[in-house]
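Student: Spelled out, the chains give:
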Amino acid sequence: MINVQDNIPTTDPVAIPEKRAVIDQILEENRNLPGSVMVILNELQAKIGFVSPAMQGYVAKKMRVPLQQVHGVVSFYSFFTTEARGKHTVKFCMGTACYVGGADQLIEKSKQVLGVAPGHTTADGMATVEICRCVGACSQAPVVVVDEEMHGRVRPNKLQQILRKAQS
Amino acid sequence: MKYYRTHVLVCVDPECLGKGAHDIEDALQDELVAQGLIDEVQVLETSRIGGCSHGPEMMVYPDGVHYVGMTVDDIPFLVEEHFLKGRIAKKFLLPRVEVKDEELSAPTSKEVRVVLRNCGKVDPENIEDYIAEDGYQALGKVLGSMTSDQVIEEVLASGLRGRGGAGFPAGKKWQFCRASKGTPKFVICNADEGDPGAFMNRRVLEGDPHAVIEGMIIAAYAIGSSRGYIYCRAEYPLAVRTLNIAIKQARALGLLGEDILGSGFSFDLEVRIGAGAFVCGEETALMGSIEGKRGEPRPRPPFPAVSGLWAKPSNVNNVETYANVPQIILNGAKWYASMGTEKSKGTKTFALAGDVNHTGLIEVPLGINMREVVYDIAQGIKDGKKLKAVQIGGPMGGCLPEEYLDRPIDYESLAAAGTIMGSGGLVVMDEDTCMVDIARFFMEFIQDESCGKCTPCRVGTRRMLEILQRICKGEGKNGDIETLEMLCKQIRATSLCGLGQGAPNPVESTLKHFRKEYEAHIFEKRCPAKVCKGLIRYDITDTCTGCTVCLRNCPVGAITGDRRKLHVIDTDTCIRCGICMQVCNFNAIEIN
Numbered sequence: 001m002i003n004v005q006d007n008i009p010t011t012d013p014v015a016i017p018e019k020r021a022v023i024d025q026i027l028e029e030n031r032n033l034p035g036s037v038m039v040i041l042n043e044l045q046a047k048i049g050f051v052s053p054a055m056q057g058y059v060a061k062k063m064r065v066p067l068q069q070v071h072g073v074v075s076f077y078s079f080f081t082t083e084a085r086g087k088h089t090v091k092f093c094m095g096t097a098c099y100v101g102g103a104d105q106l107i108e109k110s111k112q113v114l115g116v117a118p119g120h121t122t123a124d125g126m127a128t129v130e131i132c133r134c135v136g137a138c139s140q141a142p143v144v145v146v147d148e149e150m151h152g153r154v155r156p157n158k159l160q161q162i163l164r165k166a167q168s
Numbered sequence: 001m002k003y004y005r006t007h008v009l010v011c012v013d014p015e016c017l018g019k020g021a022h023d024i025e026d027a028l029q030d031e032l033v034a035q036g037l038i039d040e041v042q043v044l045e046t047s048r049i050g051g052c053s054h055g056p057e058m059m060v061y062p063d064g065v066h067y068v069g070m071t072v073d074d075i076p077f078l079v080e081e082h083f084l085k086g087r088i089a090k091k092f093l094l095p096r097v098e099v100k101d102e103e104l105s106a107p108t109s110k111e112v113r114v115v116l117r118n119c120g121k122v123d124p125e126n127i128e129d130y131i132a133e134d135g136y137q138a139l140g141k142v143l144g145s146m147t148s149d150q151v152i153e154e155v156l157a158s159g160l161r162g163r164g165g166a167g168f169p170a171g172k173k174w175q176f177c178r179a180s181k182g183t184p185k186f187v188i189c190n191a192d193e194g195d196p197g198a199f200m201n202r203r204v205l206e207g208d209p210h211a212v213i214e215g216m217i218i219a220a221y222a223i224g225s226s227r228g229y230i231y232c233r234a235e236y237p238l239a240v241r242t243l244n245i246a247i248k249q250a251r252a253l254g255l256l257g258e259d260i261l262g263s264g265f266s267f268d269l270e271v272r273i274g275a276g277a278f279v280c281g282e283e284t285a286l287m288g289s290i291e292g293k294r295g296e297p298r299p300r301p302p303f304p305a306v307s308g309l310w311a312k313p314s315n316v317n318n319v320e321t322y323a324n325v326p327q328i329i330l331n332g333a334k335w336y337a338s339m340g341t342e343k344s345k346g347t348k349t350f351a352l353a354g355d356v357n358h359t360g361l362i363e364v365p366l367g368i369n370m371r372e373v374v375y376d377i378a379q380g381i382k383d384g385k386k387l388k389a390v391q392i393g394g395p396m397g398g399c400l401p402e403e404y405l406d407r408p409i410d411y412e413s414l415a416a417a418g419t420i421m422g423s424g425g426l427v428v429m430d431e432d433t434c435m436v437d438i439a440r441f442f443m444e445f446i447q448d449e450s451c452g453k454c455t456p457c458r459v460g461t462r463r464m465l466e467i468l469q470r471i472c473k474g475e476g477k478n479g480d481i482e483t484l485e486m487l488c489k490q491i492r493a494t495s496l497c498g499l500g501q502g503a504p505n506p507v508e509s510t511l512k513h514f515r516k517e518y519e520a521h522i523f524e525k526r527c528p529a530k531v532c533k534g535l536i537r538y539d540i541t542d543t544c545t546g547c548t549v550c551l552r553n554c555p556v557g558a559i560t561g562d563r564r565k566l567h568v569i570d571t572d573t574c575i576r577c578g579i580c581m582q583v584c585n586f587n588a589i590e591i592n
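The listed protein sequences correspond, in order, to chains A and G.
Per this note's numbering, the very first residue in the first sequence carries number 1; after that it's consecutive.
Per this note's numbering, the very first residue in the second sequence carries number 1; after that it's consecutive.
Hints in this document: simulated from the structure, not taken from any laboratory.
There's no promise every hint is true.
To be verified - Pairs of lysine-lysine residues, derived as DSSO-like cross-links and limited to a Cα-Cα distance of at most 30 Å, are as follows: (1) A/K19 - A/K165; (2) G/K525 - A/K62; (3) G/K248 - G/K382; (4) G/K530 - A/K111; (5) G/K473 - A/K111; (6) G/K386 - A/K165; (7) A/K111 - G/K85; (8) G/K382 - G/K473; (9) G/K533 - G/K512; (10) G/K293 - A/K61; (11) A/K47 - G/K473; (12) A/K19 - G/K293; (13) G/K386 - G/K19; (14) A/K158 - G/K512; (15) G/K385 - A/K158; (16) G/K382 - A/K158.
Can you make the complete structure from the sequences, with help from the hints?
Tutor: Okay, here's the thing in C-alpha cells:
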C-alpha cells in the first residue's frame with residue numbers, strides 16, 4: 001500500500017480515461033457530504049466493481065484525507081474488493097437457516113461444477129464464487145444468489161442449472 | 001440494483017402453502033423466464049395478503065391487483081394476460097362480496113399486528129397508500145397539538161423498549177438526548193439487521209417504509225433534531241431503493257424538509273449504506289461508519305445521547321422501534337401498554353426459521369410463550385420430529401431446550417435463561433441438530449465479525465473457536481469444557497461492546513443445557529446427532545438398488561459400484577458432505 005501513486009498499472013481504472021471520468025464524477029457528487037469517504041467507496045464499488053490500491057490513493061488525494069484512512073475503511077468492510085471480479089457473482093448464503101439447510105453441500109457441488117472454491121474467480125473470468133452472510137431469506141433456505149437473483153430451496157441436483165447463468 | 005417494473009407478492013403463509021403456494025411461485029418464475037419477462041417482473045414472498053380462504057393468492061404491484069385461487073396450470077394464462085398483455089385476468093379476482101370486508105386480519109389468533117399492519121397491504125412505493133391507512137396522522141397530531149415533552153411522556157408511558165435487542169426504554173433514550181446540550185442533534189435509524197436468521201426489519205423497510213420515516217420525524221420533534229440518517233445494510237438493496245423512493249415522496253408532500261406541515265419544525269433524512277460489517281449494528285460502530293470511518297465501537301460512556309455522531313447528541317433506535325411510534329401516538333400509550341407483560345410492553349416481530357412447518361415473519365404480543373410460537377403459530381416440527389432447541393436472539397443469543405418452552409418471551413425471562421431478545425431471530429432446531437456444531441457455527445460467525453479493536457473479543461473468540469473446532473473433529477480433550485467456561489466469563493466481562501459481551505452466549509447456553517453432547521464428543525468421540533464430520537461415517541445398506549444416483553452425485557468420487565449392484569462408499573475418500581444421502585431415493589444411506 002505504500003507509494004501507490006507512483007506505480008499505477010495501465011489496466012487500472014484510474015489510468016483508463018472513461019473509468020477515470022466515472023470516478024471523478026462520483027467524487028464530485030459526494031465530496032461535500034458529511035462522512036463522504038464511505039459513500040464514495042460504496043459508489044466506486046458499485047459502479048467500477050472494485051476499489052484498487054491506485055483508486056484508494058486517488059480518492060485519498062482528491063479528498064485530502066490520509067491514505068491509511070481510505071485503506072482502513074476498504075479493508076474493514078467485507079463488501080469492498082480490491083481486485084477485478086468475475087462477470088457474475090455466485091453467493092452462497094451461510095446464515096443459520098441455510099447452514100442447517102445444507103449450504104455446505106451446495107458449495108461442494110459448486111466446486112465440482114465451476115472448479116473454484118469460494119473466494120475465487122473462475123479461470124475464464126466469468127464467475128466469482130463467494131460465501132456470504134445471511135441474505136434474509138431464511139424461509140427459502142438454502143439460498144444461492146447469482147448476481148442479484150435469489151434462488152431458494154436449492155438442492156444439489158438443481159444447482160448446476162442455476163450455475164449455468166454464471167457461466168456465460 | 002436491478003429495477004423491476006412490476007412486483008408480484010406471493011403469499012406464503014401456512015394456508016397458502018398448504019394450497020401449493022411454493023409450486024405457484026416456481027411455476028410463475030418458470031413462466032416469466034419462458035416469456036422473457038424475468039428482468040421486468042420480480043416475484044417476492046409476502047405473508048397473509050388477506051383472502052386466504054380462497055387459496056393461493058398473490059398481489060401485483062404497482063397495479064394493486066389481488067389474484068386468488070389459481071393453480072399451477074393457470075399460471076401461463078395469467079402471465080400472458082397480465083404481464084405480457086397488460087389485461088387483468090378477471091377470473092382470478094376475489095369475488096365482489098369478499099372485497100368489501102377484506103380486512104387484514106392477524107394470521108393466527110395468537111398474532112397481533114402493529115408493526116407489520118401495513119405489510120402486504122399497502123404499496124410501499126406509494127405514499128398515498130400509507131396515508132389512506134392513517135399514515136402521517138400521528139405526525140399531524142404531534143406537530144399540531146403536542147409539545148416535545150408530551151411526546152416523550154407518551155412514549156415513556158407506552159413502555160416501548162428498544163427492539164434492536166438490548167431493550168432500553170425508548171422514551172428514556174429520547175429524554176436523555178433531549179436534555180443533552182449541543183446542536184445539531186441527530187436521529188439515527190439502525191437498519192443494519194445483520195443477525196443471520198433475522199429479516200423482520202427488511203420486511204418493514206420494504207413493505208411499509210413510511211411508518212419508519214414517520215416514527216423518525218416524531219422522534220426528531222421530541223428530541224429537537226433537524227437531521228436524520230437511516231443506516232441500512234448493503235445486503236438489502238430493495239430496502240434502500242424503497243426507502244429512497246419513500247423519502248422523496250415524503251419530501252414532495254412537505255412531510256420532510258423545511259417547515260413540516262406549516263409547523264415551523266424542520267427535519268430531513270438520508271439513507272446511508274453499510275458495506276457488510278456485522279459489528280456496525282452496534283450503535284457506536286454504526287455512527288463511526290456513517291462518519292465514513294471503520295465501523296469500530298467506542299467505549300461508553302459517553303453514550304450517544306451525549307456524544308454520538310460527530311460527537312453531537314444522537315438518538316439511535318432500531319427500525320421496529322420507530323415503526324411502533326406512530327401507532328402509539330395515534331392509539332395512545334394505554335392501548336400499547338395493554339399488550340405484553342408488566343415490564344415488556346407491546347408486540348415484537350420474530351423471524352421464524354429452522355425445522356418447523358411454517359417459517360416466516362410473525363408478530364406476537366410479548367409475554368407469549370415459546371410453545372405457542374413453535375406449536376401453534378409455526379405448526380410444530382417438520383416431519384413429526386422432536387424439538388431439541390430454540391435459538392433466539394441471533395448469534396449472540398442462546399439455545400434454549402424444551403424445558404424452557406413454557407416460559408414467557410420477554411426481555412427479563414430471556415435474560416434469566418441465558419439468552420437475549422436480540423432483534424428477533426428465532427431458529428427452531430430438531431433432534432438432528434448437533435449443539436456443539438451449532439455453537440461452533442455461531443462462534444465462527446462471531447470470530448469472523450469481531451472488529452478486532454479489543455483483545456478479549458479478537459483473540460478470545462478465536463481461542464474458543466479453535467477449541468470447538470477440535471471438539472467437532474473428535475480431537476477434544478479433558479479440560480476443554482473448563483477452558484471454554486473460563487474464556488466465556490473473561491470475554492463477557494472485558495469486551496468493549498455488545499458483540500464481545502454477547503459472544504459467549506451460544507457456547508455458555510449450549511454448555512448449560514446440552515453439556516452431555518459436549519462430553520460425548522470429547523470423551524466418547526461420538527456425535528449423538530450424527531452431524532460432526534470427524535465423528536461419523538456414511539455407509540450404504542443393502543436396500544441399495546444400484547441406481548447409481550449417489551455415485552454420479554458424489555463430489556469426490558468416493559462411491560463405487562456397478563449398475564443394479566450394491567454400491568460402496570470409500571470412507572477414506574469420503575468428505576462426509578451428505579449429498580449421497582440427500583439424493584438417494586431408497587433411504588439406503590445411513591450414518592454410523
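Student: State for each hint whether it applies.
Tutor: How the hints compare with the structure:
1. A threshold of 30 Å between alpha carbons decides the hint, and for A/K19 with A/K165 the separation of about 27 Å falls inside it, so the pair holds.
2. Restraint check for G/K525 and A/K62: not satisfied, since their Cα atoms lie roughly 59 Å apart, outside the 30 Å limit.
3. At most 30 Å may separate the alpha-carbon atoms for a hinted pair to count; G/K248 and G/K382 exceed this at roughly 44 Å.
4. Between G/K530 and A/K111 the CA atoms are separated by roughly 24 Å; this keeps the pair inside 30 Å, and the hint holds.
5. The suggested pairing of G/K473 with A/K111 holds, with an alpha-carbon distance near 23 Å, which does not exceed 30 Å.
6. With a CA separation close to 39 Å, the supplied pair G/K386 and A/K165 exceeds the 30 Å bound.
7. A distance of roughly 42 Å separates the Cα atoms of A/K111 and G/K85; the hinted pair therefore is violated under the 30 Å criterion.
8. Among the hinted pairs, G/K382 with G/K473 is consistent with the structure: their alpha-carbon atoms are about 28 Å apart, no more than 30 Å.
9. Taking the CA atoms of G/K533 and G/K512, the gap is near 24 Å; set against the 30 Å cutoff, the hint holds.
10. Under the criterion of a C-alpha separation no larger than 30 Å, the hint pairing G/K293 with A/K61 is consistent with the structure, at around 17 Å.
11. For the proposed pair A/K47 and G/K473, the alpha carbon gap of about 43 Å is over 30 Å, so the pair is violated.
12. This hinted pair checks out: A/K19 and G/K293 have alpha carbons roughly 25 Å apart, not beyond 30 Å.
13. Between G/K386 and G/K19 the alpha-carbon distance is near 25 Å, which keeps this suggested pair within the 30 Å criterion.
14. As the CA atoms of A/K158 and G/K512 are separated by approximately 40 Å, the hinted pair breaks the 30 Å bound.
15. A threshold of 30 Å between alpha carbons decides the hint, and for G/K385 with A/K158 the separation of about 26 Å falls inside it, so the pair holds.
16. With a C-alpha separation of about 22 Å, the suggested pair G/K382 and A/K158 falls inside the 30 Å cut-off, and the hint holds.
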